[in-house]
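Peer 1: So the protein sequences, as listed, match chains A and B.
Heads up: the first sequence begins at 1 in my numbering, then just goes up one per residue.
Heads up: the second sequence begins at 1 in my numbering, then just goes up one per residue.
Don't take each hint at face value.
Derived EDC-like pairs: lysine to aspartate or glutamate, alpha-carbon spacing no greater than 16 Å straight-line [what the hints assert, rightly or not]:
| id | chain 1 | residue 1 | chain 2 | residue 2 |
| --- | --- | --- | --- | --- |
| 1 | A | Lys312 | A | Glu400 |
| 2 | B | Lys13 | A | Glu400 |
| 3 | B | Lys14 | A | Asp317 |
| 4 | B | Lys9 | A | Glu320 |
| 5 | A | Lys172 | A | Glu141 |
| 6 | B | Lys155 | A | Glu279 |
| 7 | A | Lys378 | A | Glu400 |
| 8 | A | Lys280 | A | Asp298 |
| 9 | A | Lys312 | A | Glu399 |
| 10 | B | Lys14 | A | Glu320 |
| 11 | A | Lys411 | A | Asp303 |
| 12 | B | Lys9 | A | Asp317 |
| 13 | A | Lys378 | A | Glu367 |
| 14 | A | Lys17 | A | Glu70 |
| 15 | B | Lys130 | A | Glu195 |
| 16 | A | Lys451 | A | Glu34 |
| 17 | B | Lys6 | A | Glu320 |
| 18 | A | Lys451 | A | Glu37 |
| 19 | B | Lys13 | A | Asp317 |
| 20 | A | Lys378 | A | Glu399 |
| 21 | A | Lys172 | A | Glu139 |
| 22 | B | Lys6 | A | Glu70 |
| 23 | B | Lys130 | A | Glu400 |
| 24 | B | Lys130 | A | Glu189 |
None of these hints come from the bench; they were simulated from the model.
Given the structure is predicted, the values throughout are model-derived calculations rather than measurements.
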Amino acid sequence: MIYLEVKPAEFKSTCLKLHQETGSPVMMLFADDERQEQGGYFIYCAFFSAQGRQWSWVKTFLAENNPVFESIAKEIYSANLFEREIKEMFGLEPLGNPDSRRLRLHDEVWPEGFFPLRHDFTNFNVSGAIGEYSAGQVEGEGVFEVPVGPVHAGIIGPGHFCFSAAGEPIIKLSIRLGFTHRGVEKLLENKLPHEAIALAERVAGDSSLAHGLAFCQAIENILGLNIPPRALYLRAIFLELERMYNHISGIGGMAIDVGFSFPAALCSIVKEALQALNEKLTASRFLKGAVALGGCRDLKDGDQKLIIDSLKNIMADFNEVKKLLLGSVSFMDRVDTTGRLNRENAENLGVLGVAGRASGIAVDLREKTSPYIESGFKMIVRNEGDVLARLMVRLDEFEESSRLIQEWVNKLPGGETINRPLKLVAGSALGAVEGWRGPVLYWVRLNNEGKIARCKIVDPSFRNWTGLSLAVLENIIPDFPVCNKSFDLSYSGTDL
Amino acid sequence: MNTLTKLIKNRLKKGIVTRPIPSLELESLGQELDQAIKKRFKRSLHIREVDTGSCGACESEIIAATSPIYDLQRFGISFVASPRHADALLVTGPVSKNMVLALKKTYEAMPSPKFVITLGDCALDGGVFKGSYYVENGVGSILPVSLHIPGCPPKPIEIIKYLLAFLSDH
Numbered sequence: 001m002i003y004l005e006v007k008p009a010e011f012k013s014t015c016l017k018l019h020q021e022t023g024s025p026v027m028m029l030f031a032d033d034e035r036q037e038q039g040g041y042f043i044y045c046a047f048f049s050a051q052g053r054q055w056s057w058v059k060t061f062l063a064e065n066n067p068v069f070e071s072i073a074k075e076i077y078s079a080n081l082f083e084r085e086i087k088e089m090f091g092l093e094p095l096g097n098p099d100s101r102r103l104r105l106h107d108e109v110w111p112e113g114f115f116p117l118r119h120d121f122t123n124f125n126v127s128g129a130i131g132e133y134s135a136g137q138v139e140g141e142g143v144f145e146v147p148v149g150p151v152h153a154g155i156i157g158p159g160h161f162c163f164s165a166a167g168e169p170i171i172k173l174s175i176r177l178g179f180t181h182r183g184v185e186k187l188l189e190n191k192l193p194h195e196a197i198a199l200a201e202r203v204a205g206d207s208s209l210a211h212g213l214a215f216c217q218a219i220e221n222i223l224g225l226n227i228p229p230r231a232l233y234l235r236a237i238f239l240e241l242e243r244m245y246n247h248i249s250g251i252g253g254m255a256i257d258v259g260f261s262f263p264a265a266l267c268s269i270v271k272e273a274l275q276a277l278n279e280k281l282t283a284s285r286f287l288k289g290a291v292a293l294g295g296c297r298d299l300k301d302g303d304q305k306l307i308i309d310s311l312k313n314i315m316a317d318f319n320e321v322k323k324l325l326l327g328s329v330s331f332m333d334r335v336d337t338t339g340r341l342n343r344e345n346a347e348n349l350g351v352l353g354v355a356g357r358a359s360g361i362a363v364d365l366r367e368k369t370s371p372y373i374e375s376g377f378k379m380i381v382r383n384e385g386d387v388l389a390r391l392m393v394r395l396d397e398f399e400e401s402s403r404l405i406q407e408w409v410n411k412l413p414g415g416e417t418i419n420r421p422l423k424l425v426a427g428s429a430l431g432a433v434e435g436w437r438g439p440v441l442y443w444v445r446l447n448n449e450g451k452i453a454r455c456k457i458v459d460p461s462f463r464n465w466t467g468l469s470l471a472v473l474e475n476i477i478p479d480f481p482v483c484n485k486s487f488d489l490s491y492s493g494t495d496l
Numbered sequence: 001m002n003t004l005t006k007l008i009k010n011r012l013k014k015g016i017v018t019r020p021i022p023s024l025e026l027e028s029l030g031q032e033l034d035q036a037i038k039k040r041f042k043r044s045l046h047i048r049e050v051d052t053g054s055c056g057a058c059e060s061e062i063i064a065a066t067s068p069i070y071d072l073q074r075f076g077i078s079f080v081a082s083p084r085h086a087d088a089l090l091v092t093g094p095v096s097k098n099m100v101l102a103l104k105k106t107y108e109a110m111p112s113p114k115f116v117i118t119l120g121d122c123a124l125d126g127g128v129f130k131g132s133y134y135v136e137n138g139v140g141s142i143l144p145v146s147l148h149i150p151g152c153p154p155k156p157i158e159i160i161k162y163l164l165a166f167l168s169d170h
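Input sequences plus hints: build the corresponding full structure.
Peer 2: And the structure:
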């Protein structure tokens, strides 16, 4: 790990240099309010070099009486959303960033001048004039707008999409999120780590395990806690089970979004089989409560056989789904070349995970880690960047996950599955997990009492939504649902 | 063999995948309910779902309840795309401040008679998000709620049970 603490004046140049050297987008950029302890705020910026599996951090101090920092978003676009977030939540000004729109605290709901993540914020005195929202209009002869949401036709999270179209093709898509903002990062503060796991598991319901695991890893890294080998394997098995049930759900979603309902029904049968397996293994269909600080729950007698037998049936159904989808000319016609996100745009936006790998960005946090490295983990990368590429990544990852789980079940190490932390200590660290959608990142700082002083969460959806708004350009509005499903992003994970 | 013949063959081989409801009276309750729904809602009950800030797990389970495995539709209950077509509003999430207006407008857009169902622990009182600066601590403070389905999230089978039990009582 590279860890640089620099003066505010050197913050920007250091970030630019690391960005250039690592070729990494901004992985995290966030503030921490330490006015009480240190008399000011800290800004942290993280990059990740996939080749060396190395994290690089830049940290700088902002005095309370001069709460501004130099924006890096003009040079590194992937910093933009993070800078807007810092301004919105802490009231720290990124100098030179032209985009001051809020992300989560909607203008027509929340007055100016209240910054929830400052430690002295209380919600009793929030009042004042409220503003209005404008999506920004596209003008010209024959241009029309199609506003959709926040309440959608399907059973799905809330978001507002405003399409500007000229004839059939979309020429602009404004996505407004924040409708599921619940203030999770604030709620996590002043909790003891073991009290906070349940909340982390409820940030994004479809990634309960990845979020719980990333949080636990952050705490374990602070405490320097070693995880027993058996727990490492079991955690990886659970993580891949989460990937499998979400991938099959998304694959079915893509089929239904082009009106191909038969394979979609088959996918929901497979998803149900996987969730039923989850429940038998962990007592939760969403694998909630499967991980704990220092380890995870153990399997019961007969569970290993259950996993192998279930996966056999599941893969038989999956192969049928795959044949149905890839063998249908009309389906392939709908997904091939639809919703392209090219590599350059994906890189600039910092798109990662499934969507990134479908656009040629070969980053997967599972690579070169145990137990993946021992089992010859194969990273799936495609270069086309269209709906089909994202579908193929998910189909291939589903097969790879199934292979890995079966291999691990057969060579599961013995011994304990938990190494309970003896004593909490102050400190900060990162937890990083490749969830099914992409990298789930938790940075946690514990105070002297062992309570959470700051927890920054980055769900991959946060970075990938902008990718969707570029991918749909020049596509027709009726193809939006399948483009959207191919990215399969979380509202609640983004909104926090 | 052409694709269609192959599909039909596979379907026949697979048989019916729908699970029987594992409870003593529920299948008969379902039939009773069918009668009740036919009478009260003119043959079927239509539900509009609104997410006011859930983590998405509740949505996942509602969708599962309509999958071939649980097949909620067999009892005459279905989910519709517009509040204009709905008899009931099914609300998940602790109600983020950003969703208050959309929730009220969705309710207002429904024709009477109408009623509200909440689903999931956070829709009742905020659940794990209770006390946050940005949630309204449940749906009850905004709309009149007739039925609550507890769980975090409730399983598909529980969703069906609660709906059937409620409808047969009323």
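Peer 1: I'd like to know which numbered hints this structure contradicts. Please list them from smallest to largest.
Peer 2: Those not satisfied are hints 2, 22, 23.
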